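Once you've looked at the hints, dock chain B against the given chain A.
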Amino acid sequence: MKYFISCLFMLICLPAFAGSQANAKSAYSSEQIVKFSKQIEKYAASQGARAFIIGRIGRDPKDLPKGIKFTHTAIALYSQITLEDGKKVNGYAIHNLYQRAGKPHKSDLVTDYPVDFFWGAKRLSAGITIPNAAVQQRLIEAINNGAGAKVHNPNYSVISNPMNNQYQNCTEHTLLVLNSAIYQTDDTKRLYANNNQYFKAQRVRISPMKLLLGSAFVKGVTTKDHDSTIKTATFSSIARYLNDNGLLHKSVTLDINGKVTNQI
Amino acid sequence: MKNLKRITATIALLTLSSIAVASPDFSNHSSQASKHSALASAHVAVGGVKTVASVVAVPLIVSGEAGKVSHTVGTSLLNSSKAYTPLEITDTIITHDPSPANAMQ
Numbered sequence: 001m002k003y004f005i006s007c008l009f010m011l012i013c014l015p016a017f018a019g020s021q022a023n024a025k026s027a028y029s030s031e032q033i034v035k036f037s038k039q040i041e042k043y044a045a046s047q048g049a050r051a052f053i054i055g056r057i058g059r060d061p062k063d064l065p066k067g068i069k070f071t072h073t074a075i076a077l078y079s080q081i082t083l084e085d086g087k088k089v090n091g092y093a094i095h096n097l098y099q100r101a102g103k104p105h106k107s108d109l110v111t112d113y114p115v116d117f118f119w120g121a122k123r124l125s126a127g128i129t130i131p132n133a134a135v136q137q138r139l140i141e142a143i144n145n146g147a148g149a150k151v152h153n154p155n156y157s158v159i160s161n162p163m164n165n166q167y168q169n170c171t172e173h174t175l176l177v178l179n180s181a182i183y184q185t186d187d188t189k190r191l192y193a194n195n196n197q198y199f200k201a202q203r204v205r206i207s208p209m210k211l212l213l214g215s216a217f218v219k220g221v222t223t224k225d226h227d228s229t230i231k232t233a234t235f236s237s238i239a240r241y242l243n244d245n246g247l248l249h250k251s252v253t254l255d256i257n258g259k260v261t262n263q264i
Numbered sequence: 001m002k003n004l005k006r007i008t009a010t011i012a013l014l015t016l017s018s019i020a021v022a023s024p025d026f027s028n029h030s031s032q033a034s035k036h037s038a039l040a041s042a043h044v045a046v047g048g049v050k051t052v053a054s055v056v057a058v059p060l061i062v063s064g065e066a067g068k069v070s071h072t073v074g075t076s077l078l079n080s081s082k083a084y085t086p087l088e089i090t091d092t093i094i095t096h097d098p099s100p101a102n103a104m105q
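Those protein sequence lines, which keep their order, are chains A and B.
Just so we're aligned, residue 1 is where the first sequence starts under the numbering used here, counting upward by one.
Just so we're aligned, residue 1 is where the second sequence starts under the numbering used here, counting upward by one.
Some clues are possibly wrong.
As the list claims (entries may be wrong) - In silico SDA-like links for lysine to any residue, alpha-carbon gap of 25 Å or less:
(1) A:Lys189 <-> A:Asn155
(2) A:Lys87 <-> A:Thr111
(3) A:Lys88 <-> B:Val58
(4) A:Lys42 <-> A:Lys259
(5) A:Lys224 <-> B:Glu88
(6) A:Lys35 <-> B:Ile89
(7) A:Lys231 <-> A:Asp63
(8) A:Lys210 <-> A:Gly67
(9) A:Lys35 <-> B:Glu88
(10) B:Lys82 <-> A:Glu141
(11) A:Lys87 <-> B:Pro98
(12) A:Lys250 <-> A:Val135
(13) A:Lys35 <-> B:Val56
(14) A:Lys42 <-> A:Leu64
(15) A:Lys87 <-> B:Val56
(16) B:Lys82 <-> A:Ile182
(17) A:Lys87 <-> B:Asp91
(18) A:Lys122 <-> B:Thr51
(19) A:Lys42 <-> B:Thr85
(20) A:Lys259 <-> A:Lys88
(21) A:Lys87 <-> B:Thr92
(22) B:Lys82 <-> A:Val89
(23) A:Lys200 <-> A:Ile230
(24) A:Lys88 <-> B:Ala53
(25) A:Lys42 <-> A:Asp255
(26) A:Lys66 <-> A:Lys88
(27) A:Lys69 <-> A:Gln39
(28) B:Lys82 <-> A:Arg100
(29) A:Lys250 <-> A:His105
(30) A:Lys259 <-> A:Leu64
(31) A:Lys150 <-> A:Ala133
(32) A:Lys35 <-> B:Thr85
To be verified - Residues from chain A that keep clear of chain B, each with C-beta distances beyond 12 Å, as calculated:
(33) Ala44
(34) Asn194
(35) Thr229
(36) Ile264
Treat the hints as calculated values from the structure; they're not laboratory data.
Source: prediction; values computed, not measured.
All C-beta atoms in this analysis are idealised placements derived from N, C-alpha and C, irrespective of residue type, glycine included.
Looking at chain A on its own, in the form it has when it is part of the complex:
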């Protein structure tokens, strides 16, 4: 009986791993998502952000490991968008790494828009990290020059280690593109060496049993690229990295009620 109870306990406590899924089912009405998406765009535009890092909450926050606020991170660029009717408008295009449909251990690069981005959000609260103007300019140049594809490793793990190139998740990819812009290189050996030197990853506090079960049974979750301590790149650790290096303009969260809270 003890064995039965412990098995059930392990099942109940399976890790609530958060991934980078495109077009997950929406927890909000279309109207709420559309309004929130425009609210985010207008806030970023009011700050004059031409390039910023955007975060989404794709899981119930109570299920997330301590220290992890956002489950999906990407880069938004202020862009001239040509619509299907030929009209040109200005807004933000979001450059993402998403898990592949049906193959969650693989990823693809996808450009979408705020409504697409927030469609799968479990909480309509966004992370907005705006680098300083010089970094923004380099980010735009880097993405325009294809840095996203050059540093992309399609082998996906939701808790990938940003200190090596074995696996990659959306936030590690964001960090690589950011550093590709800062160092003006797409040499991944150099970028990972600099991650080791300068980037402080977020420790993921999940019990070893949960990790064992997750890596054994959930595709897209592995600890093979880690040593004993699990650390990964997060939206907040990227904000701290920019701040520590004097490259941050501001980092905030913006919720559905329009409340802006400073992150740093």
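Chain B alone, transformed into the frame defined by chain A:
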């Protein structure tokens, strides 16, 4: 007792497998279809603003200078008084195109 262990292990494996398959809400054609149909009706309640699919997005460094991101032009953002000035945002609701399968429906 041996049988109980075997049954428990089987239940555990089956349950874990179903969780592994069901827990991530991956993109698929049906969820994309539901998004696009939901968005198609959303504009009625969002101030009559249309939902439009995009064709292409070109990053802007300085408003009105689409695609000019060379070092020469790009430096205009560096040290520029325009660096943090408010930008114009369309009211149009933009979404990326549906999959080919949905486009043919």
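Status of each hint after checking the structure:
1. A:Lys189 <-> A:Asn155: At roughly 17 Å apart (the allowed maximum being 25 Å), Asn155 of chain A and Lys189 of chain A satisfy the hint.
2. A:Lys87 <-> A:Thr111: Roughly 19 Å separates the two Cα atoms, so the pair holds.
3. A:Lys88 <-> B:Val58: holds (10 Å)
4. A:Lys42 <-> A:Lys259: Roughly 14 Å between the alpha carbons, so the hint for Lys42 of chain A and Lys259 of chain A holds.
5. A:Lys224 <-> B:Glu88: violated (46 Å)
6. A:Lys35 <-> B:Ile89: holds (13 Å)
7. A:Lys231 <-> A:Asp63: With Cα atoms ~18 Å apart, Lys231 of chain A and Asp63 of chain A stay inside 25 Å; holds.
8. A:Lys210 <-> A:Gly67: Status holds; Cα separation ~17 Å.
9. A:Lys35 <-> B:Glu88: holds (17 Å)
10. B:Lys82 <-> A:Glu141: This hinted pair holds, its Cα atoms lying about 18 Å apart.
11. A:Lys87 <-> B:Pro98: holds (19 Å)
12. A:Lys250 <-> A:Val135: holds (13 Å)
13. A:Lys35 <-> B:Val56: holds (23 Å)
14. A:Lys42 <-> A:Leu64: Answer violated: Lys42 of chain A to Leu64 of chain A is near 28 Å, above 25 Å.
15. A:Lys87 <-> B:Val56: holds (11 Å)
16. B:Lys82 <-> A:Ile182: Distance of about 21 Å is within 25 Å: holds.
17. A:Lys87 <-> B:Asp91: Satisfied, since the Cα-Cα distance of roughly 13 Å is no more than 25 Å.
18. A:Lys122 <-> B:Thr51: holds (22 Å)
19. A:Lys42 <-> B:Thr85: The given pair, whose Cα atoms are some 13 Å apart, holds under the 25 Å limit.
20. A:Lys259 <-> A:Lys88: The hint is violated at about 31 Å.
21. A:Lys87 <-> B:Thr92: holds (11 Å)
22. B:Lys82 <-> A:Val89: Holds, at about 20 Å.
23. A:Lys200 <-> A:Ile230: holds (12 Å)
24. A:Lys88 <-> B:Ala53: holds (12 Å)
25. A:Lys42 <-> A:Asp255: Within the cut-off at roughly 13 Å; holds.
26. A:Lys66 <-> A:Lys88: violated (43 Å)
27. A:Lys69 <-> A:Gln39: holds (20 Å)
28. B:Lys82 <-> A:Arg100: violated (39 Å)
29. A:Lys250 <-> A:His105: Answer violated: Lys250 of chain A to His105 of chain A is near 33 Å, above 25 Å.
30. A:Lys259 <-> A:Leu64: Holds, because 22 Å separates the two Cα atoms, which is no more than 25 Å.
31. A:Lys150 <-> A:Ala133: Within the cut-off at roughly 23 Å; holds.
32. A:Lys35 <-> B:Thr85: holds (23 Å)
33. Ala44: violated (8 Å)
34. Asn194: Non-interface label on Asn194 of chain A holds, nearest chain B Cβ at 22 Å vs cutoff 12 Å.
35. Thr229: holds (25 Å)
36. Ile264: holds (17 Å)
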